[in-house]
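S.K.: Now for the letters of each chain:
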Amino acid sequence: GENVEQHPSTLSVQEGDSAVIKCTYSDSASNYFPWYKQELGKGPQLIIDIRSNVGEKKDQRIAVTLNKTAKHFSLHITETQPEDSAVYFCAATYGYGGSQGNLIFGKGTKLSVKP
Amino acid sequence: NAGVMQNPRHLVRRRGQEARLRCSPMKGHSHVYWYRQLPEEGLKFMVYLQKENIIDESGMPKERFSAEFPKEGPSILRIQQVVRGDSAAYFCASSPSHGRQPQHFGDGTRLSIL
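Chain order of the listed sequences is S and R.
This note's numbering puts the first sequence at residues 1 to 115.
This note's numbering puts the second sequence at residues 1001 to 1114.
Since the hints were made in silico from the structure, they are not lab data.
Where hints are given, some of them may not hold.
[As the list claims (entries may be wrong)] Dumping the calculated BS3-like pairs for lysine-lysine here, alpha-carbon to alpha-carbon at most 25 Å:
no., chain 1, residue 1, chain 2, residue 2
1, S, 110, R, 1027
2, S, 68, R, 1044
3, S, 71, S, 58
Chain S with its partners taken away, still in its complex shape (with noise of 0.2 Å):
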């Protein structure tokens, strides 16, 4: 089955940087890649989302790359806020069609955005 590894498990970075978060899957059937921000005491929320026939998505501050080949995506949040720390997921699944669509989560980077 699909299993997704991801790093750093935390990030500290000075407002106003980049920060950068990666993840790489293993199934390369995986079609589905989002990404959730999880602040404390809240569900899992999501920001930004790709499917497997893009290579790069952008909103405002925040972008995913993928990269098929290697199995691998990243998070780039730039002009990182204070209001950006929290824990941010990663999970890749099936999507459109699959038998299953259930979402495979990486293991979280606990993101602290110093002011």
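Model the placement of chain R on the given structure of chain S, informed by the hints.
M.R.: Below, chain R alone, put in the same frame as chain S:
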């Protein structure tokens, strides 16, 4: 805001009791997923349900755990004879149709076993 609603938010049970966790999906969503999160860990898939059907329960322990999603009302995750190891946060997510993404999550039920 018709997001995914879970209740209760916190549940305390003694060993051997039963825990019932409820999830109402987003409006228009007919598919529900349950995940479990241990402290400092990612979420682990448990079960995937459609109205009145269990589609995939490969992540759910065979003993003591069950799930349902009736035609009317919320999805229920039931844990019988709880043990200390069941202490975790349980999250529900919903999607509009079979295998469709993205999934939207509720804020979870934090289960504590005394």
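S.K.: Decide, hint by hint, whether the structure agrees.
M.R.: Hint check results:
A hinted pair counts as satisfied when its Cα atoms are at most 25 Å apart, and residue 110 of chain S with residue 1027 of chain R does not qualify at roughly 32 Å. Restraint check for residue 68 of chain S and residue 1044 of chain R: the C-alpha separation of about 24 Å stays at or below 25 Å, so the hint holds. Only pairs whose Cα atoms come within 25 Å are accepted, and residue 71 of chain S paired with residue 58 of chain S is accepted, the gap being roughly 19 Å.
In the structure shown, a violation is registered for the earlier hint numbered 1 alone.
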